[in-house]
Structures are given as structure tokens and as C-alpha cells.
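Could you build all of it, start to finish, from the sequences and the hints given here?
Protein chains in written order, with my numbering: chain Y, 909 to 1123; chain P, 909 to 1123.
FYI, nobody ran anything at the bench for these hints, they're computed from the structure.
You may find that some hints are simply not true.
Copies of the same chain look alike in the list, so a pair counts if it fits in one copy or across any two.
[Stated by the list, open to error] The list that follows gives simulated cross-link-like pairs (lysine to aspartate or glutamate, DMTMM-like), each with its CA atoms no further than 20 Å apart:
id, residue 1, residue 2
1, K965, E1028
2, K1116, D1069
3, K1116, E985
Treat the numbers as computed from the prediction; the structure is a model and nothing was measured.
One-letter residues, chain by chain:
2 protein chains.
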Amino acid sequence: MKGVKSKRMPRAVRERQMMDAAVQTFGQRGYRAASMDEIAELAGVSKPLVYLYLNSKEELFTACIRREAAALIAAVEAAVEPGLPADRQLWAGLAAFFTHTAEHPDGWAVLHQQARTHGEPFALEVAAMRDEIVTFVTGLIATAAREAGAARQDPELADRDVAGLAQALVGAAESLAGWMNQTGAVSAKEAAATLMNFAWMGLGELMKGERWSSR
Amino acid sequence: MKGVKSKRMPRAVRERQMMDAAVQTFGQRGYRAASMDEIAELAGVSKPLVYLYLNSKEELFTACIRREAAALIAAVEAAVEPGLPADRQLWAGLAAFFTHTAEHPDGWAVLHQQARTHGEPFALEVAAMRDEIVTFVTGLIATAAREAGAARQDPELADRDVAGLAQALVGAAESLAGWMNQTGAVSAKEAAATLMNFAWMGLGELMKGERWSSR
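Here it is, written out as C-alpha cells:
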């Protein structure tokens, strides 16, 4: 029975293959156009098996959103070392964000376009991920502002300002990643550098020819 | 027949009333939950009249997206005086953007949430508006960069950088406007100031306690 046994894969491996196929199909063809037949074929399994594991197209899509969101958040959080100066932390986070979205264009399309376009339940899933990223970025900016404020004994950035800046930064990153993946006009590194310059130096300094540098 | 005549409104006026009611209903209740009955009642007309003028819920929603998008773009473009220095132009555009979205929360909800959540045809409508705003902002930044570059005889911002910065700025504005209208945490003026500081001064200068000032 060795032959049979070697053909049986652990459930986790099979599920991952199905999810990989689903993310690719949803990302490239869109949620509505994607068919369970297509996903099963790409995963090299039967359609009933996909349904057995993942119930319905809706649940499969929801599972894809959750997996891709968790992977993106993990990539960004892993890149940011809390001990570093604020600008280095931001740079590491941005570089990880754009690298991950560039390397997983189908996952990003699922999160940024498909999940938001096909009804409120999916949109709420992706909003939850976004809130998590905003909270993380808010923490980064708040810590940096506290340190900078303590250094000059003059804490000036109110919580409200920090929250607004985090919203602005996350919105800018989403927009730039969407543009990068749709047009291919810039690499992940270039997108990260553009946003780092924008966010850290500001347009005003950029206009004077100043650039942020990692030194 | 004077009484009858005075009850007859020009088509344009009636249509505007229906559209106002539709934007309010779609914005507050969501596209799916909104009913044509509700919209007709709010507009003070019969449901058949709404259908006579605007054909279907889909077409009515599309007309709402177009009207609200055109109004937002017009408000921003009207506020920006081409002759002013770049930072003053940016400030005027941001102030107009956040004032308009704060004063038209239902219109903004239609554009920013509803249109993107309920299928690709609507999402494409709002993407077209977004492209128009990005083009406008790209022009602003490109002009400013050209002038600044000419002043120091060293044009450094490539077209690709300008395009990326415009994407970042528009994404930041969208994100901040959504947060402002959903949480009510800041006023339109505060949101505009936050983004002006972010975009012009950069986080680095903000951390040092610097603020952009309109002088």
C-alpha cells in the first residue's frame, strides 16, 4: 500500500495548494469570473474535494482574504525592529510592504480590489486587516513622536494628529501599491523610496532637492 | 389652470430632487438596502416617476456616482489658483477637498464606499473619477517640481517620481477623508492641515516640531 500512501497528502498541504490556486484565480480573473472548476483544475484536485474542504466559493474567497491579509501583516511586522530609530523602522516597514505586494500580486489584487468590490461581507474582512495595519502604524508614529517630543521636552503631536497621519500613510501606501502592480511603472524598492521621501521629507523638502537617505 | 401649472416643476429640478434623495439614501443605507420606494418617498414623487426619469436602480446609482464625482472634482479645481506658489495651491486644493467631503458625507459615502463595494461597473465609474483627480494632482506636483528645479537649475524629480507622489497624495487624502467622516474625530480644516503637514513638511520635520504655515 506504499504507492497509495505516498499519494495521500496531509490535509494542510492539500488545503494550501487549493488556496494558492484560489488566490491566483481570484486575483487574475476576478471574484465573479473565477469558477470552482478552474480552481480545482489548477490545484490538481477534483471539484468535490474543493467543496469538501472549503464549502463554497464565498467561504473559499473569505479564507483567501484572511490568509493573504495575515501574510501581509506578518511580513511588515517582521521587518520592523522596535529598537531602531523611527525613520529606519518606517523604511523597513515600507520596504517589506511593497516587496510583499510586488511578490504576491494576486494576493494584493484579492485584498485591494476583489475583496472591496464584491459586497459588504468581504469588504468588512479587508477593513479589519486595514484596521490592524493602521493600529500598527499609529503605534510607530506615536512612539517616534514621543521620543522626539521628549528629546526637545515639547510633545506637540496630539493623539488625534498621530491617528490622522497613520490614516494618511496607510492610504498613501495602498494607493501606491495598487498603481505599482497595475502599471508596473516602478519596482517595489522605488515605490518604497518614493513613499519614504514623501512621508519623511515631505514634498517641500523634495522640491528643494533634499532626499531621505538611510545613511 | 394657474394652480396646476405651479405644481409642475421643470424636469431638471425634479431630477435634482430625485438625485438628492437617492444620494442620501444610498449614502446612509447602502446601495443594496436602499429601495426605490424609499427614494421616491424622500423625493416626494411617485415611484413610477423615478423609474420614468432614471430607468433602474443601477442607472440611478450610476447617475449619483457621476454627479457626486463631478461636484467633488469641480470643488477642488475651482479652489486651486494656478498662479499661486505650489504649497498654497496644494493647501487650497486639500482644504476644498476635505470641506466638500465633510459637507457632502452621503456623496462621499457613495463614492468612497458604496461605489467600490457593489460590483465592477460601479467601481470602474469611481476609478475614472479617481484617475481625473490623480491627473490633476500630477500636474500640480509636476509644475511645482519644474519651477523648483529651474530655480536651482537641477531638475531632479523624474516623471515616474511625480506620478508616484500623486498616487500617494491622493491615497492619503481618500483615507483621511474616510476616517474623518466615519469617526468625526477631526474637522475638515484639521484633516486638511494634517495632510498638508504630512505632505509638505514630512514626518521628519513634524517630529522636530516644525509645522507648515500658510504665513
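| query | From the Cα coordinates, with 20 Å as the cut-off, is the pair K965 and E1028 best called within, between, both, or neither? | reply | Intra 16 Å, inter 18 Å, cutoff 20 Å: intra and inter.
| Given a CA cutoff of 20 Å, do K1116 and D1069 count as a within-copy pair, a between-copy pair, both, or neither? | between (26 Å within a copy, 15 Å between copies)
| query | For the identical chains here, do K1116 and E985 meet the 20 Å Cα criterion within one copy, between copies, both, or neither? | reply | neither (33 Å within a copy, 26 Å between copies)
The structure fails hint 3 only (numbered hints given earlier).
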